[in-house]
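Peer 1: Residue strings, one per chain:
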Amino acid sequence: MAERASLRIDLEDGVAPPRRNGELVFAAPWESRLFGIAVALHERGLFAWDDFRERLIAAIARSEGSGAEWSYYACWQSALESLLDAKGLCHEVELDVRERDLAARPAGHDHPPTAPRPPARA
Amino acid sequence: MSGEHDHGHSHDAPDRRAVRAEALEALLTEKGLLDPAAVDRIVRHYEEDIGPMNGARVVARAWVDADFRARLLENGTAAIGELGLSGAQTEHLVVVENSARVHNVVVCSLCSCYPWAVLGLPPAWYKSPEYRSRVVREPRTVLAEMGLGLDGAVEIRVWDSSAEVRYLVLPERPLGTEALPEPELADLVTRDCMIGVAVPRLPTRG
Chain A
58 MAERASLRID LEDGVAPPRR NGELVFAAPW ESRLFGIAVA LHERGLFAWD DFRERLIAAI
118 ARSEGSGAEW SYYACWQSAL ESLLDAKGLC HEVELDVRER DLAARPAGHD HPPTAPRPPA
178 RA
Chain B
737 MSGEHDHGHS HDAPDRRAVR AEALEALLTE KGLLDPAAVD RIVRHYEEDI GPMNGARVVA
797 RAWVDADFRA RLLENGTAAI GELGLSGAQT EHLVVVENSA RVHNVVVCSL CSCYPWAVLG
857 LPPAWYKSPE YRSRVVREPR TVLAEMGLGL DGAVEIRVWD SSAEVRYLVL PERPLGTEAL
917 PEPELADLVT RDCMIGVAVP RLPTRG
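Protein sequence lines correspond, in order, to chains A and B.
Throughout the first sequence, residue numbering follows our numbering, covering 58 to 179 in sequence.
Throughout the second sequence, residue numbering follows our numbering, covering 737 to 942 in sequence.
For the record, the hints were derived by calculation from the structure and aren't laboratory data.
Among these hints, one or two may not hold up.
[Said to hold, decoys possible] List of simulated lysine to aspartate or glutamate pairs, EDC-like, C-alpha gap at most 16 Å:
| id | chain 1 | residue 1 | chain 2 | residue 2 |
| --- | --- | --- | --- | --- |
| 1 | B | Lys863 | A | Glu149 |
| 2 | B | Lys767 | A | Asp142 |
| 3 | A | Lys144 | A | Glu111 |
| 4 | B | Lys863 | B | Asp896 |
| 5 | B | Lys767 | A | Glu151 |
| 6 | B | Lys863 | A | Glu121 |
| 7 | B | Lys767 | A | Glu149 |
| 8 | A | Lys144 | A | Asp107 |
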């Protein structure tokens, strides 16, 4: 997009001193999925944004008090899960079970299989 | 990604969060509550379509059109609507104007509220515990650390986003831009100028 490109050039010229202005919004795909899930459910009218916001504030406060490594989207995840659980839309237990199932998949499940190598000969 | 789930990561590692996010999306989809294509669309929209260029258009218009500027300061939501911008966390947008004596800066001290429709999604530092707590307590120091040294005589106003209100800073138009057309003015307005941690500057030539 032309406008965006010109903004970026301005930054490289040192016009905007603040750091990391051109950074990516999401650090990993799971962060963008969780963002999109929350917005999609809200757009469908399944919850009011303020209900989510209240839980996000609480999750952030808990995280900051715990000394755990800071991850904004980990807070987002916990807020969303607790809201969906409270609303009966997705219970934590179901999520635990599905998470365990997915984690048990064999390594490389998300990659196309590679041809088996012939055994090395001595 | 590469199947290294059991090689010494803590239980709360990003890998685990990624699997749990995948589990949530799968369950909600099976329940008929979520369409994965809608998630794709939303993510693409926020990553590619909306961003600070929307806010920059608003600022540039306010610089060249005094009547628009007055309407913008009076009712931000209605005024950005004139430019076709609406929704997404701008239902109650308040625009605060910088001057030679007052500098405004925006924070959400409790979480990360931010006017998505005009600025896109917030940068990581805006969401960080450090910015959220320190800019309230010691704004002058934080701004200086971010490269914006302000004269001691300039009053700094920190606007803390609330459940309803989202803020946008209207920076001062830089000197020497009288001849620039509106689109080029918009190019001077970065996201950080509209959060209030920077001010627009003319590109240095040469």
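Peer 1: A separate judgement is required for each hint: does it hold in the structure or not?
Peer 2: We went through each hint and held it up to the structure:
1. B:Lys863 with A:Glu149: Measuring from Cα to Cα gives roughly 26 Å; hence the hint is violated.
2. B:Lys767 with A:Asp142: This hinted pair holds, its Cα atoms lying about 14 Å apart.
3. A:Lys144 with A:Glu111: Holds: A:Lys144 and A:Glu111 sit about 14 Å apart, inside 16 Å.
4. B:Lys863 with B:Asp896: holds (13 Å)
5. B:Lys767 with A:Glu151: holds (12 Å)
6. B:Lys863 with A:Glu121: holds (12 Å)
7. B:Lys767 with A:Glu149: holds (15 Å)
8. A:Lys144 with A:Asp107: Given pair A:Lys144, A:Asp107 holds - Cα atoms ~14 Å apart, limit 16 Å.
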